[in-house]
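S.K.: If you want the building blocks of each chain, they are given just below.
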Amino acid sequence: MLTTVDLKRIGLFKDSPDHLLEIIAKEAQISIFSTGTKLISINEQVQTLFMMTMGQVAIIKKLTPEIDVILDYAQSGASFGVSSIVQGSVATYTAVCQEPCEVITLSGKRMMELFKDNDELAYSMLMDVSRQYKRYMDLRAHMLLKLWRDS
Amino acid sequence: MIDIQILRDNDFFKDLPDDMLEKIADISWIEKFENESYIFHQGEGLMNLHLLLSGKVSLKLSVADDKMVTLAKIEPLGTFGIHALMEENTSSFTAITRSDCEIVKVPARKILYLLKDDFKMGHLLMIQALKLLKQRMEDHTTQFLQVLYQHPDVANLIDIR
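In the order they appear, the protein sequences are chains A and B.
With the first letter of the first sequence counted as 1, position 110 gets the number 1195 in the working numbering; the numbers rise by one all the way through.
With the first letter of the second sequence counted as 1, position 113 gets the number 330 in the working numbering; the numbers rise by one all the way through.
With the rest of the complex left out, here is chain B:
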């Protein structure tokens, strides 16, 4: 169980009324991670939604056996692991701490039960989920275009023009 104020301070949950926040606070807990710890791995089924209380987390993609690139950096009060709410909940990235961290974990199975039992809560929370996923997808698209711009074949094309 966690303090309801933690959820009030978080963008993902802040629009929910206190009675809904209390239900979520009841099922959540805080875990501590040391610097350079793995929170979850690419390809793993996600079981929890994560809220970063303190510290820094990177979301990384494996491009080779020994190389990872950063897709996103999560700052305090940020949310990640939203995919845990979907049936197809395989993570497409690895989450690694960049400092000592405190992270709130909200179990997906339990929160989905709450959302299906109270569609109003489901409505309010899924609006936030959609906004966050949309932003992350746009960030990934921007990264893709930046890498594409630097590709030798594209650089040649730009030079010709």
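Isolated chain A, as found in the complex:
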């Protein structure tokens, strides 16, 4: 069974209070995926929040039907599929294991069920995920800046 110590190694939860992490730890599972496994497929519903403990996952979007762009690599401590905790979220990228990966998974549906009875858990986790999106946005702005300057 996972512990709060395991979850605190994940960037998303490093500042989260222990009493909430205990609830999340009870719902989390650890899985191993082989190279080439597609964890998230673009345009499909996002059902799982993935948190990396070992390995590397590529976050991919298509530039043309023949050309893929790797937007980011998720490695130990990183998370993706974070929008699974919001109803009706659809994936805007594909996530593929670049090597054997050990990943902590959380069911988005199960977290939303827990949120109904625990507003503190909901607020804390939604805030953590929003901070993650802020970091992604800063990264995109940096990427845009670099590209514009190079063009």
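There may be inaccurate statements among the hints.
Derived CB-CB ranges, DEER-like [said to hold, decoys possible]:
| hint | chain 1 | residue 1 | chain 2 | residue 2 | range |
| --- | --- | --- | --- | --- | --- |
| 1 | B | Ala372 | A | Ile1127 | 15 to 25 Å |
| 2 | B | Val286 | A | Pro1150 | 23 to 33 Å |
| 3 | A | Tyr1158 | B | His368 | 16 to 26 Å |
| 4 | B | Pro324 | A | Glu1198 | 25 to 35 Å |
| 5 | B | Gln367 | A | Thr1120 | 29 to 39 Å |
Just a sample of chain A residues kept apart from chain B, beta carbon distances all over 12 Å, derived [unchecked claim]:
| hint | residue |
| --- | --- |
| 6 | Val1090 |
| 7 | Lys1093 |
| 8 | Lys1111 |
| 9 | Phe1118 |
| 10 | Thr1120 |
| 11 | Gln1132 |
| 12 | Glu1184 |
| 13 | Ser1192 |
For the record, the hints were derived by calculation from the structure and aren't laboratory data.
Being a predicted model, the structure only gives us computed values, none of them experimental.
Backbone N, C-alpha and C fix where the C-beta goes; we use that ideal spot for every residue, glycine too.
Following the hints, position chain B against chain A.
M.R.: Leaving out everything else, chain B in the frame of chain A:
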């Protein structure tokens, strides 16, 4: 203090019940900006959440000393400056008016106090924050891919294929 109807009309706040909206309306105020005014600058710590009542606002990124590119355009009833709710609240863009504007400002420090005091309010509001941030990030990613597509090296690669 502002009229609670303003918040009811706004997508970011519309799912909150009136008792919660009243608390937010109590701490908010309206400011007027002239055309081509700066609301906040890239790199600045954001202190307020912003709701555009009237006019138009652009969110811009500085790419050189004298050049800015537009990341997003905000229309009336739109919300921006959500980053003010986070500890790392440095703005990654500049907000400039494109016409005379009326903007509601909601102080982040006070609204965070309300959210921590009432987790139900926090839950409802953060769902909206997350949806808005997700959409903005996807828009930025789309822009990135559009600019990448036009990069000479990529254009050559596409031609070869």
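S.K.: Is 25 to 35 Å respected by the C-beta to C-beta distance linking Pro324 (chain B) and Glu1198 (chain A)?
M.R.: holds, 34 Å
S.K.: Beyond 12 Å from every Cβ of chain B: is that where the Cβ of Thr1120 (chain A) lies?
M.R.: holds, 25 Å
S.K.: Beyond 12 Å on every Cβ pair: is that true for Gln1132 (chain A) relative to chain B?
M.R.: holds, 16 Å
S.K.: Does the claim that Lys1093 (chain A) lies outside the interface with chain B hold up, using a Cβ gap greater than 12 Å?
M.R.: holds, 17 Å
S.K.: Range first: 23 to 33 Å. Now tell me if the beta carbons of Val286 (chain B) and Pro1150 (chain A) are that far apart.
M.R.: holds, 27 Å
S.K.: Is 15 to 25 Å a correct range for the gap between the Cβ atoms of Ala372 (chain B) and Ile1127 (chain A)?
M.R.: At 24 Å between Cβs, range holds.
S.K.: Can we trust that Phe1118 (chain A) is non-interface, i.e. its beta-carbon lies farther than 12 Å from all of chain B?
M.R.: The claim holds: Phe1118 (chain A) sits with its nearest Cβ about 24 Å from chain B, beyond 12 Å.
S.K.: Against chain B, does Ser1192 (chain A) keep a CB gap of more than 12 Å to every residue?
M.R.: Answer for Ser1192 (chain A): holds, closest chain B Cβ roughly 18 Å.
S.K.: Using Cβ atoms and 12 Å as the threshold, tell me whether Lys1111 (chain A) really stays out of contact range of chain B.
M.R.: holds, 20 Å
S.K.: Just to be sure I understand the hint, the distance between the Cβ atoms of Tyr1158 (chain A) and His368 (chain B) should be within 16 to 26 Å; is that true here?
M.R.: Because 21 Å falls inside the window, the suggested range holds.
S.K.: So Val1090 (chain A) supposedly isn't at the interface. Is its beta-carbon more than 12 Å from every beta-carbon in chain B?
M.R.: holds, 23 Å
S.K.: Taking the beta carbons of Gln367 (chain B) and Thr1120 (chain A), is their distance inside 29 to 39 Å?
M.R.: holds, 33 Å
No hint from the list above goes unmet by this structure.
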